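Fit chain B to the known structure of chain A by using the hints.
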Amino acid sequence: MTSLGRFYLIAILVFLYTPILVMMAMGFNASLLYELPFSFSTQWYEALWSNTVLLKAGFNSIVIATITAVLATALGTMASVALSRRTFRGKSLLQLMLLPPIAIPWLITGTAMLIFFYWSGIGRGMHALLIGHVALAIPYVVLVVGTGFKTIRADLEEAAMSLGSTPVHAFFSVTLPLLYPSILGAALFAFAVSLDQFVISYFLATPGYTTLPVQIYSSIRKGFTPEINAISTVLLLGSMTVILIFARFAKPGDTSDKR
Amino acid sequence: MQNDQLTLASARGPSGPRSQRSLPSWVSTTALLMPTYGWLTIAVFLPLLTMFAFSFLSATPMGKAPIVFTFKQYRAFIDQPYLVGIGITSLLIGFWTTLFCAILGFLAAVALVRSTFGKTREMLLILILLPFWTNGLVRVFSWTMVLRENGFLDSLLHMVAPEAGSIGFLYTRYAIVVGLVHGYLPYMILTCYIALSTIDDAIIAAAASLGARWWTILFKILLPLAAPGLISGAVLTFIPVIGSFMEPRILGGRVGVTMGTVIEDQFTQAFNWPLGASLSFTLLAVVLAIFATFSGVLRRGTAL
Numbered sequence: 568m569t570s571l572g573r574f575y576l577i578a579i580l581v582f583l584y585t586p587i588l589v590m591m592a593m594g595f596n597a598s599l600l601y602e603l604p605f606s607f608s609t610q611w612y613e614a615l616w617s618n619t620v621l622l623k624a625g626f627n628s629i630v631i632a633t634i635t636a637v638l639a640t641a642l643g644t645m646a647s648v649a650l651s652r653r654t655f656r657g658k659s660l661l662q663l664m665l666l667p668p669i670a671i672p673w674l675i676t677g678t679a680m681l682i683f684f685y686w687s688g689i690g691r692g693m694h695a696l697l698i699g700h701v702a703l704a705i706p707y708v709v710l711v712v713g714t715g716f717k718t719i720r721a722d723l724e725e726a727a728m729s730l731g732s733t734p735v736h737a738f739f740s741v742t743l744p745l746l747y748p749s750i751l752g753a754a755l756f757a758f759a760v761s762l763d764q765f766v767i768s769y770f771l772a773t774p775g776y777t778t779l780p781v782q783i784y785s786s787i788r789k790g791f792t793p794e795i796n797a798i799s800t801v802l803l804l805g806s807m808t809v810i811l812i813f814a815r816f817a818k819p820g821d822t823s824d825k826r
Numbered sequence: 013m014q015n016d017q018l019t020l021a022s023a024r025g026p027s028g029p030r031s032q033r034s035l036p037s038w039v040s041t042t043a044l045l046m047p048t049y050g051w052l053t054i055a056v057f058l059p060l061l062t063m064f065a066f067s068f069l070s071a072t073p074m075g076k077a078p079i080v081f082t083f084k085q086y087r088a089f090i091d092q093p094y095l096v097g098i099g100i101t102s103l104l105i106g107f108w109t110t111l112f113c114a115i116l117g118f119l120a121a122v123a124l125v126r127s128t129f130g131k132t133r134e135m136l137l138i139l140i141l142l143p144f145w146t147n148g149l150v151r152v153f154s155w156t157m158v159l160r161e162n163g164f165l166d167s168l169l170h171m172v173a174p175e176a177g178s179i180g181f182l183y184t185r186y187a188i189v190v191g192l193v194h195g196y197l198p199y200m201i202l203t204c205y206i207a208l209s210t211i212d213d214a215i216i217a218a219a220a221s222l223g224a225r226w227w228t229i230l231f232k233i234l235l236p237l238a239a240p241g242l243i244s245g246a247v248l249t250f251i252p253v254i255g256s257f258m259e260p261r262i263l264g265g266r267v268g269v270t271m272g273t274v275i276e277d278q279f280t281q282a283f284n285w286p287l288g289a290s291l292s293f294t295l296l297a298v299v300l301a302i303f304a305t306f307s308g309v310l311r312r313g314t315a316l
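First to last, the sequence lines map onto chains A and B. Be aware that the first sequence starts at 568, since it is given in this note's numbering, and climbs by one per residue. Be aware that the second sequence starts at 13, since it is given in this note's numbering, and climbs by one per residue.
Everything labelled a hint here was simulated from the structure, so no lab data went into it. Everything numeric in this text was worked out from a predicted model, so none of it was measured. All residues carry an ideal CB built from backbone N, CA and C; glycine is no exception.
Cβ pair distances, simulated, as ranges: (1) 227(B) with 728(A): 54 to 60 Å; (2) 65(B) with 739(A): 40 to 46 Å; (3) 307(B) with 723(A): 32 to 38 Å; (4) 730(A) with 231(B): 55 to 61 Å; (5) 100(B) with 785(A): 27 to 33 Å; (6) 227(B) with 775(A): 57 to 63 Å; (7) 92(B) with 609(A): 49 to 55 Å; (8) 688(A) with 130(B): 52 to 58 Å.
Here chain B is said to cover these stretches of chain A; the calculated rule only asks that three of the stretch's residues, wherever they fall, bring their Cβ under 8 Å from a Cβ of chain B: (9) 668-676; (10) 691-703.
Coverage of chain A stretches by chain B, computed from C-beta distances (three or more under 8 Å per stretch; other residues unrestricted): (11) 580-587; (12) 646-658; (13) 679-685; (14) 804-812.
Just chain A, with the same shape it has in the complex (with noise of 0.2 Å):
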């Protein structure tokens, strides 16, 4: 049973990595028509250095998840300060209303931002794509850093305040070190949510201000080069590696007391 187990999860992973090595292996191929037999040329990662379109969109991409990841974090974890250690009246309300971001279709969202961006004169661009990747990444910062206030005991912001410190000074000086590793968790999640991100951004770039995804999405539809292969592959180790960090500050699962 054991083996067999084995097996097949090294099979499932086969799965799920092989068209992913495929592509990597295929920017580093001289054929222009991902031909075989395979022979070694470094010429795609050559053509993307001087392909500006490619590196401008890729530029805008790791400013608009940086940007995301400061404001997401920060409003997302002031809204998580009240919905994990306050009580009030229609806070389960308030909770169900994070879902929509994650749970509705982004095809559905997206055409909706484009729609209101339009009539209301935001219009589309850098600030609409803000508007939009700060949106989807709040719920996730929400819930990272109310994890991890599950693994903080009130007691001791509250031992704080009875020696006499203010509860604004409880907040910052015990509680928010205690929080830092999970803040900092959200902060990496809400960047790789942003750098993923493509179909809202899709709806809401313009020809001239546009993100990488959008970039590779136009330029897989006129055709493909292997050009396309090594900027997917330099984005996906970008992420996965965003990812492995955020893994070990907030391990996904960890219940340990941090007591």
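Chain B in isolation, oriented as in the chain A frame:
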């Protein structure tokens, strides 16, 4: 101390602080929640409301043509019968994707829980989940290189049987399903894994000592006890799949026409935003109906 109270008071707005030792807690609670919910209102809730209003317009209000309120967009499935076929295609793609994800994912979760331990299990779980958190578009694109004629799959075949024809099936509905299963399988494995890992080993040991075979244990114990995880995984796979558009576009080519691609076309090619909006809302209604049906199961699933 004085300073902190002043900062808090200033967050309260121009009404100013009353001479109290601390502010009522609802003020700070509101101040903490306001930015997040204000942001979500502008970015998600108002857009959905606006889209709902747009779905009743006769045309996109961009040109000079007069715009009137109408229900005709919601008659799209009657006026344009080809949409019914597209809707059925979308549901079928969603059904097959969810079914394959459920079978493969549940068995993978069982294998994780029953055949791996400690560090190995942790490492395997991270390896399985890692692709889920990378760019879906790029992963779909990577399948084109495996499935196309003379692609990776064909090359493998020709190594064994040089004279064989092509088994590449890019630009078919099978290709779309393969790409979508690849996209959502990690998620299914995770939800099943969480449900399975809460099952007490003693139950299985007891069943085994009473002579239960492995299939009895699988179907009579593991499957019923892990059903909530399996159902939430299925719901959370089916919903994004019926709304997908770039997977059918890239892997389906000309046969890849689904509700998702039709909606995308209304917004980017046809500029018939009201029709796109009404189709989006029809899709949203399906999604909400599914959530409502399984809300009990999902609430238990997300409470973990």
